[in-house]
Amino acid sequence: MEPRLAHEDVWIPTTCGVCYSVCALKVHRVNGTVVKIEGNPESSTNRGKLCPRGVSGIMTLYNPDRVNAPLKRTNPRKGLDVDPGWVEITWDEALDTVAARLKKIRDDDPRKLLLTGTVTTQDEVPFAKIFAMAFGTPNGWNSGAGNHCGTAEHLYGALLHASWAKQPDPDHCKYLLNFGTAAGFGSYYCVTGMAQRIADARVRGMRHVCVDPFLSPSAEKADEWIPIRPGTDGAMALAILHVLLHELNIYDGDYLKHHTNAPYLIGDDGLYLRDAGENIPLIWDPADATAKRFDAPGVKAFALEGEFHIGGKPARPAFAVLKEHLRQFTPEWAESITTVPASTTRRIAKEFGQAACIGSTILLDGKVLPHRPVAVTYFKGAQGHKNALLNCMALELLIEIVGASNVPGGLLGMNSCSFGHPETGAPKWIPTCDRDGLLVTGKWPNHPAPYPPREAKGPETIDLRAMVPTCPGSSGALPVVMADPERFKVPYQIEMNFQVGSNYLMTFADPAAVAKAFEKTFQVSFALFLDEATYLSDIVLPAASYLERFSHTADWMASNSPVGEWCYHVRQPVVEQIGQRRSVCEVLLDLVERLEMREEFYAMVNVVLELKGRYALNPNQRVSWEEIVDRRYKSLFGDQRGLAWFQEHGLIKWPKKVEEVYWKPFSHARVPIYFEWFKSLGENVAAMAKQLAVDVDTSAFQPLPEWRPCQSHKEKSPEHDLYAVYYKFPMQTFSGTYDNPWLDEVCS
Numbered sequence: 001m002e003p004r005l006a007h008e009d010v011w012i013p014t015t016c017g018v019c020y021s022v023c024a025l026k027v028h029r030v031n032g033t034v035v036k037i038e039g040n041p042e043s044s045t046n047r048g049k050l051c052p053r054g055v056s057g058i059m060t061l062y063n064p065d066r067v068n069a070p071l072k073r074t075n076p077r078k079g080l081d082v083d084p085g086w087v088e089i090t091w092d093e094a095l096d097t098v099a100a101r102l103k104k105i106r107d108d109d110p111r112k113l114l115l116t117g118t119v120t121t122q123d124e125v126p127f128a129k130i131f132a133m134a135f136g137t138p139n140g141w142n143s144g145a146g147n148h149c150g151t152a153e154h155l156y157g158a159l160l161h162a163s164w165a166k167q168p169d170p171d172h173c174k175y176l177l178n179f180g181t182a183a184g185f186g187s188y189y190c191v192t193g194m195a196q197r198i199a200d201a202r203v204r205g206m207r208h209v210c211v212d213p214f215l216s217p218s219a220e221k222a223d224e225w226i227p228i229r230p231g232t233d234g235a236m237a238l239a240i241l242h243v244l245l246h247e248l249n250i251y252d253g254d255y256l257k258h259h260t261n262a263p264y265l266i267g268d269d270g271l272y273l274r275d276a277g278e279n280i281p282l283i284w285d286p287a288d289a290t291a292k293r294f295d296a297p298g299v300k301a302f303a304l305e306g307e308f309h310i311g312g313k314p315a316r317p318a319f320a321v322l323k324e325h326l327r328q329f330t331p332e333w334a335e336s337i338t339t340v341p342a343s344t345t346r347r348i349a350k351e352f353g354q355a356a357c358i359g360s361t362i363l364l365d366g367k368v369l370p371h372r373p374v375a376v377t378y379f380k381g382a383q384g385h386k387n388a389l390l391n392c393m394a395l396e397l398l399i400e401i402v403g404a405s406n407v408p409g410g411l412l413g414m415n416s417c418s419f420g421h422p423e424t425g426a427p428k429w430i431p432t433c434d435r436d437g438l439l440v441t442g443k444w445p446n447h448p449a450p451y452p453p454r455e456a457k458g459p460e461t462i463d464l465r466a467m468v469p470t471c472p473g474s475s476g477a478l479p480v481v482m483a484d485p486e487r488f489k490v491p492y493q494i495e496m497n498f499q500v501g502s503n504y505l506m507t508f509a510d511p512a513a514v515a516k517a518f519e520k521t522f523q524v525s526f527a528l529f530l531d532e533a534t535y536l537s538d539i540v541l542p543a544a545s546y547l548e549r550f551s552h553t554a555d556w557m558a559s560n561s562p563v564g565e566w567c568y569h570v571r572q573p574v575v576e577q578i579g580q581r582r583s584v585c586e587v588l589l590d591l592v593e594r595l596e597m598r599e600e601f602y603a604m605v606n607v608v609l610e611l612k613g614r615y616a617l618n619p620n621q622r623v624s625w626e627e628i629v630d631r632r633y634k635s636l637f638g639d640q641r642g643l644a645w646f647q648e649h650g651l652i653k654w655p656k657k658v659e660e661v662y663w664k665p666f667s668h669a670r671v672p673i674y675f676e677w678f679k680s681l682g683e684n685v686a687a688m689a690k691q692l693a694v695d696v697d698t699s700a701f702q703p704l705p706e707w708r709p710c711q712s713h714k715e716k717s718p719e720h721d722l723y724a725v726y727y728k729f730p731m732q733t734f735s736g737t738y739d740n741p742w743l744d745e746v747c748s
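Per my numbering, residue 1 is the first one in the sequence shown, and the count goes up by one each step.
To be clear, the hints were calculated from the coordinates, so they are not data collected in a lab.
Think of the CB as a built atom: it goes at the ideal place given N, C-alpha and C, for glycine as much as any other residue.
A few of these clues could be false.
Said to hold, decoys possible - Subject to a maximum C-alpha distance of 30 Å in a straight line, what follows is the list of computed DSSO-like cross-link-like pairs (lysine-lysine):
#  : residue 1 : residue 2
1  : LYS657    : LYS72
2  : LYS78     : LYS103
3  : LYS520    : LYS112
4  : LYS457    : LYS104
5  : LYS112    : LYS78
6  : LYS714    : LYS690
7  : LYS300    : LYS313
8  : LYS653    : LYS428
9  : LYS103    : LYS520
10 : LYS612    : LYS653
11 : LYS49     : LYS690
Said to hold, decoys possible - If you anchor each label on the Cβ, the simulated ranges turn out as follows:
#  : residue 1 : residue 2 : range
12 : VAL82     : ALA724    : 39 to 45 Å
13 : PRO422    : GLY359    : 42 to 48 Å
14 : VAL368    : GLY277    : 23 to 29 Å
15 : GLU626    : ASP65     : 25 to 31 Å
16 : GLY476    : GLU600    : 29 to 35 Å
17 : GLU532    : PRO422    : 47 to 53 Å
18 : ASP434    : LYS104    : 20 to 26 Å
19 : GLU423    : GLN691    : 49 to 55 Å
20 : GLY136    : HIS7      : 48 to 54 Å
21 : LYS350    : ASP434    : 32 to 38 Å
22 : LYS489    : ARG347    : 52 to 58 Å
Put together the whole structure using the sequences plus the hints.
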């Protein structure tokens, strides 16, 4: 029998949505059915390659356990072992029920609405946040990463790199010191693209040293694996800093003087000395033997060491204070903590310092730039426990001391600076600085960015995030506060949880404790499957997967490689939506109409998506989701490149400029090696915690790093002499892919 001829055989460009790397796809559809998913070789993000999660998307699309119709709970009792008694209802009944609840809450107190999401839905959750802002609630929670997120790493990304994440420069790095992260080796950001680039760097000769408690996938691919006691990465980093400054005298003085706060004068109180007029930090100019504002036009030189008296007050440059502080952290001290031999730490410090090639330059596109071909990477493993603020500070200072931050060969912020498309100048963001001269991010995924510092405030949100302004993402306090808001002086109780693609019972902490916090809350869940979190839902809405919907933007600042080309992609349906599945964004637009909040919602969309002029939404004219997507593309890339153009071409790309990739030498912004404002903020947080009668340990808010044991090191018993560590398979994303049979087979 001859095979039946296909009436349709097409390849459709779109993007993956299984994780936050946003790889470009080519989806093969035959007679209306997806038969294969491949990487798009035209994209500079993943360069045609795809990880197992991306390839397996077909099994999510056609999974027989997908939710295909709206469901209503009939059992009023809630619990992880309670049958919800689901019955199918119509979309109209579901949305009428949800809208009625939302209207009641908005009329009473909009803060009683909570939005929960996940970091993998980079299109739908941000749009839902716009809805939440227009609605009037400040309460949101990304539980997809939650406690597993690199909170402290992201904080220092903002403070030191103007970015959410960082990567080694794959084109010029010669020595990568990796503290247990899989960046470039199977996970982190821009996964497949950076894996290829790092592999190419290894072939080129880049040395990879991996410090990790167990033989991880990264350690397997290292030139040297250094086993370390779990939770002690910061101690080893401190010892390396000690060797660099006190034994080898290796540091980049020119970089420290002109691109950090190393020359700022520090008084006995641990704070900057400031001029009496405009309260600007002072430095010591040894050429004129006098103190001057750091930004004074007449500064001839910057002192990094010495002790001076200004107005009768003793002061030392921040670098001198840091150097003296590091004297105590010898490799012998670290050996007793880390189990890494002192001789190994000294050797690694020497290799790292020499590989930094301090003083060398490189010519790129006609511009002479500093060449510091060393990088330090870390993520969850090095900071996923108490005292992460101090651990990450030590790790970051390794880069700053040798001047390898955002220069060729060094550690690069993932797209810290963008001048925009050559024809439109969009999207555009450029790092700036504040009055103290310190770096302010040009773009940040979560508003507001951690710096400039803000005053600690009382209970504005249900997660008490405002009480600790350094928190760049979700707060772990949310379930605790939700369970007993009166205890924390929160003047309201969450009445409704609007859940977008997150299984918070499995991705946060103790499921029983989290369930207790949510069980009294009316919950609406957009879901692909009935999972643990939907056991607490009252309404479940069938969500369209990333292969069944349009997105207003598939990319974000950390999805693109830090080098090479800018690349922006389309996300479009590759098949008709199956059953009654719908895009979250389409449903939100319906709810806006039912709640009669089009004016405030459209205004917020215009602000967040930067829709101006003829692209701005007019509240007198209802628009569809596809039209918003079309306007978004045109506002960024011109009238000729709307949604239809992107559906056909799949992506747009153009070369990155040297000034965008290696922006630091071109910027006036300085970064801290002495975190002076942490001291004041810690005192501020402590005062607020006392006012709220909340027990908060603020001792880690200090300007200089040290190592402190986490809980695992405090609990000792002779019969338990081992440390347990956990790890995650890079073939799974949180708990959202656990019922994908292809991935389950790979992991088994």
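Checked hints:
no., hint, verdict
1, LYS657 / LYS72, "violated, 53 Å"
2, LYS78 / LYS103, "holds, 24 Å"
3, LYS520 / LYS112, "holds, 13 Å"
4, LYS457 / LYS104, "holds, 28 Å"
5, LYS112 / LYS78, "holds, 20 Å"
6, LYS714 / LYS690, "holds, 26 Å"
7, LYS300 / LYS313, "holds, 23 Å"
8, LYS653 / LYS428, "holds, 15 Å"
9, LYS103 / LYS520, "holds, 19 Å"
10, LYS612 / LYS653, "holds, 23 Å"
11, LYS49 / LYS690, "violated, 53 Å"
12, VAL82 / ALA724: 39 to 45 Å, "violated, 32 Å"
13, PRO422 / GLY359: 42 to 48 Å, "violated, 35 Å"
14, VAL368 / GLY277: 23 to 29 Å, "violated, 37 Å"
15, GLU626 / ASP65: 25 to 31 Å, "holds, 29 Å"
16, GLY476 / GLU600: 29 to 35 Å, "holds, 31 Å"
17, GLU532 / PRO422: 47 to 53 Å, "holds, 48 Å"
18, ASP434 / LYS104: 20 to 26 Å, "violated, 43 Å"
19, GLU423 / GLN691: 49 to 55 Å, "holds, 53 Å"
20, GLY136 / HIS7: 48 to 54 Å, "holds, 51 Å"
21, LYS350 / ASP434: 32 to 38 Å, "holds, 37 Å"
22, LYS489 / ARG347: 52 to 58 Å, "holds, 53 Å"
Checked against the numbered hints listed earlier, the structure breaks hints 1, 11, 12, 13, 14 and 18; every other hint is satisfied.
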